[in-house]
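Keeping their order, the protein sequence lines are chains A and B.
With my numbering applied, the first sequence covers 1 to 205.
With my numbering applied, the second sequence covers 1001 to 1205.
Worth double-checking, as some hints may not be accurate.
To be verified - With a Cα cut of at most 25 Å, we get these calculated DMTMM-like pairs of lysine to aspartate or glutamate:
id, chain 1, residue 1, chain 2, residue 2
1, B, Lys1188, B, Asp1032
2, A, Lys188, A, Glu85
3, B, Lys1190, A, Asp32
4, A, Lys190, B, Glu1154
5, A, Lys188, B, Glu1154
6, A, Lys188, A, Asp173
7, A, Lys190, B, Asp1173
8, B, Lys1190, B, Asp1032
9, A, Lys190, B, Glu1090
10, A, Lys190, A, Glu90
11, A, Lys188, B, Asp1032
12, B, Lys1190, A, Asp148
13, B, Lys1188, A, Glu112
14, B, Lys1188, B, Asp1173
Since the hints were derived computationally from the structure, they do not count as laboratory data.
Spelled out, the chains give:
2 protein chains.
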Amino acid sequence: MSPQGRPASVPEDGLTTRQRRNRPVLAVHTGDGKGKSTAAFGLALRGWHQGWRIAVFQFVKSARWRIGEQVALERLGRLHAETGEGGPVEWHTMGSGWSWSRRPGTPDDHAEAAAEGWAEIRRRLAAERHDLLVLDEFTYPMQWGWVDVGEVVETLRSRPGVQHVVVTGRRADPRLVAAADLVTEMTKVKHPMDDGQKGQRGIEW
Amino acid sequence: MSPQGRPASVPEDGLTTRQRRNRPVLAVHTGDGKGKSTAAFGLALRGWHQGWRIAVFQFVKSARWRIGEQVALERLGRLHAETGEGGPVEWHTMGSGWSWSRRPGTPDDHAEAAAEGWAEIRRRLAAERHDLLVLDEFTYPMQWGWVDVGEVVETLRSRPGVQHVVVTGRRADPRLVAAADLVTEMTKVKHPMDDGQKGQRGIEW
């Protein structure tokens, strides 16, 4: 309920609390339940308020159902540009062709598009371009072999500076879980779909 | 991954898909893991984009650690007032004394403050004042007997119109779970606190 809680134990890493607090976090939101991506976007709200440079990378072909979060977060990003409030926000979707890519549309090959996305993220991590990176649904390209899991995990583990990364999606690879600082599993206890109900406007998409 | 999925079965409730889609949702985010509240605030982002009238009620004494989400969502609410974009946002915290209450400060008695908060929420539900209500950490007043669980559940179950409600907090009462349309349990798989690390700025608070 409160972040003021005492740590379970005191680490012997020679770090001060401040140093520990400023350590970059690799978080994973996995499991079959809802809220994995939504919680990541909620974290972006906190980051925006702190002036973090935020970037969302959506590894899904059709990302229309995230439009609400995208519009709202990008609007906050525009506010930063206009008034200096909060921080900048970038939102890149594979489905519409990565925003930084000059080529119109997206590669026919999803694997190619995913690999292209990861290559760009790797370049940005090396350049410490963002303070919070949300790799939305990135577990799927990892699972499907579209990117090299070992290389992804090593790149994330050895990223420079203080760059927080949140990876979302089902069936997170054990190597990613092992490398993560914070792993939360969202489990479906009950869902309208069970009763044959379609997605709720706003709740589902 | 996609909301276009076929329902597991077709309900025999005589409702059209549109009617079903517009049915109000009672969602519960529970479990010991992170992301319960953050996912609820992420839902508010989607709702904002759809022009929903959003209200967050925080049932915590000291709510400072939610300030990032509050500032960002309230900023989006101001944008609505200024430009008509999205929807209005209200954020009420028990910790600072409920915003609608004339009395300065918060009642000394937390139970009284919580009951006062619930009474106001009940009035607003009856008046259909909001489209999305986030009852943050509300499971605790329920658990501690500060509000009558049976009455809360019945009030939520019988709320009029199309008012989406999200209740967050650990150890959700079985009656609340039974009444909910959507229940997600956030389970902690791994957490920096385990290593004695204090909350990460932005990630934890």
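Checked hints:
1. B:Lys1188 with B:Asp1032: 6 Å, holds
2. A:Lys188 with A:Glu85: 37 Å, violated
3. B:Lys1190 with A:Asp32: 17 Å, holds
4. A:Lys190 with B:Glu1154: Between Lys190 of chain A and Glu1154 of chain B the Cα gap is close to 19 Å, so the pair holds against 25 Å.
5. A:Lys188 with B:Glu1154: With Cα atoms ~23 Å apart, Lys188 of chain A and Glu1154 of chain B stay inside 25 Å; holds.
6. A:Lys188 with A:Asp173: 19 Å, holds
7. A:Lys190 with B:Asp1173: 14 Å, holds
8. B:Lys1190 with B:Asp1032: Answer holds: Lys1190 of chain B to Asp1032 of chain B is near 11 Å, not above 25 Å.
9. A:Lys190 with B:Glu1090: 28 Å, violated
10. A:Lys190 with A:Glu90: Roughly 33 Å separates the two Cα atoms, so the pair is violated.
11. A:Lys188 with B:Asp1032: 14 Å, holds
12. B:Lys1190 with A:Asp148: Holds - the C-alpha atoms of Asp148 of chain A and Lys1190 of chain B are around 23 Å apart, at most 25 Å.
13. B:Lys1188 with A:Glu112: 34 Å, violated
14. B:Lys1188 with B:Asp1173: Holds. Lys1188 of chain B to Asp1173 of chain B sits at ~19 Å (cutoff 25 Å).
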